[in-house]
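Engineer: Sequence:
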Amino acid sequence: MNIQGKWALITGASSGIGEQFARQLAKQGSHLVLVARSKGKLESLASELRKMYGIQAEVISMDLSKEGAPSELYQQCQLLKVDIELLVNNAGFATHGLFEQVSGERQHEEVMLNVAAVVDMTHLFLPGMLRNSSGAVINVASTAGFQPLPYMAVYGATKAFVLSFTQALWWENRDRGIQFFALCPGATDTSFFDVVGTEEASVGKKDTPERVVEVALRALKEGKLYVVPGMQNYMGAQLARFITRKQGLKLVGGMLRPRNGSSKNNNPGNQSDLAGRTIR
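Numbering (full-length UniProt numbering), first residue to last: 1 to 280.
Please note: incorrect hints may appear among the correct ones.
Computed Cβ-Cβ distance ranges for the label pairs, DEER-style [unchecked claim]:
(1) Q4 with K224: 15 to 23 angstroms
(2) G54 with F99: 45 to 53 angstroms
(3) E210 with M1: 46 to 54 angstroms
(4) R50 with M231: 36 to 44 angstroms
Within a straight-line C-alpha distance of at most 30 angstroms, the following computed DSS-like cross-link-like pairs (lysine-lysine) qualify [what the hints assert, rightly or not]:
(5) K206 with K221
(6) K81 with K39
(7) K221 with K81
(8) K221 with K250
(9) K27 with K51
(10) K27 with K81
FYI, nobody ran anything at the bench for these hints, they're computed from the structure. Here the structure is a predicted model, which is why all the values come from computation and not from measurement. Cβ coordinates follow ideal geometry from the N, Cα and C atoms, glycine included.
Start from the sequences, fold in the hints, and give me the full structure.
Structural biologist: Following this line, the structure appears as C-alpha cells:
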C-alpha cells in the first residue's frame with residue numbers, strides 16, 4: 001500500500017522496533033499516531049519527525065495492558081478525526097524464569113498486552129479499513145512463536161497466538177483490500193536486554209531495529225504473509241519442522257534456562273525478543 005499521506009498508528013512507539021517504524025514511516029510521508037506509556041519520549045519523537053519530514057504526529061500516552069485501554073485509544077483517535085489505514089501492533093514484553101516463580105499478576109499483564117490488546121485493537125480499527133477497502137495491519141510476533149519456550153512459556157505462547165491470528169485474518173481479508181502481515185524478528189538490539197540481561201540466555205548476535213523494520217516494510221510492499229528477518233533466524237524458525245518436539249524443547253530449554261536460578265520480570269514496552277534466536 002502507498003502510505004504517503006495516510007495515518008499509521010504504532011503501539012510501543014517510544015523505543016526499539018516501534019520507534020523505527022515511526023521513523024521509517026514518517027520518512028515515507030505517513031502521518032502518525034504514536035502510542036506508549038512514556039509520554040515524554042513520544043512527544044520528543046513526534047516533534048522531531050514533524051520538523052524533519054513535515055508530517056502530522058499525534059501522541060497518546062497509554063498502558064495497553066489495562067482492561068479497556070484499546071477502546072479508550074480508539075475513542076481518542078475518533079476525537080482526533082484520524083482515519084487509521086496502517087495499524088502496527090508492536091507493544092509487548094516478556095517474562096523469564098520458572099513459571100511458578102514469575103509473578104502471576106505480571107504474566108497476566110503479559111497476556112493482556114501481547115494478546116488481548118492485539119485482538120482488541122484489530123477488532124476496533126479493521127471496520128474502518130473495510131469501509132474504505134484499503135488498509136494494512138502489521139502484528140509484531142517473533143521467531144519465538146514457532147516453538148514452545150521453556151522458562152518463557154507465556155511469552156512464547158503469546159507470540160504463537162499472534163502469528164496464528166495474523167495468518168487467519170490474512171486469509172479472511174485477502175480479497176477485501178486489507179493486508180495482514182506478521183513480523184517475526186529474532187533477537188534485536190533494544191532496551192529489552194538491559195532488563196533481562198544477555199547473560200540469561202544464549203541469544204547470539206542481535207539484529208538492529210533499523211534493519212528489522214526495513215525488512216518488514218519491504219515485505220509488506222511485496223504482499224508477504226509473514227517475514228523472519230535474517231537467514232539464520234529463518235532457518236532456526238523452520239527447524240521445529242524437522243526435529244521432534246522433545247528435541248526442540250531440550251534445545252530451547254538449554255538455551256533459556258536461568259543461569260542464576262532467579263526469574264526476571266521485564267518491563268512492558270521493551271520491544272526486542274529475547275527468545276527470538278532460540279532454536280539453532
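Engineer: If a hint holds in the structure, say so; if it doesn't, say that too.
Structural biologist: Taking the hints in turn, this is what the structure says about them:
| no. | hint | in the structure |
| --- | --- | --- |
| 1 | Q4 with K224: 15 to 23 angstroms | 21 angstroms, holds |
| 2 | G54 with F99: 45 to 53 angstroms | 49 angstroms, holds |
| 3 | E210 with M1: 46 to 54 angstroms | 21 angstroms, violated |
| 4 | R50 with M231: 36 to 44 angstroms | 37 angstroms, holds |
| 5 | K206 with K221 | 25 angstroms, holds |
| 6 | K81 with K39 | 21 angstroms, holds |
| 7 | K221 with K81 | 27 angstroms, holds |
| 8 | K221 with K250 | 38 angstroms, violated |
| 9 | K27 with K51 | 11 angstroms, holds |
| 10 | K27 with K81 | 22 angstroms, holds |
Violated hints for the displayed structure, listed by number in ascending order: 3, 8.
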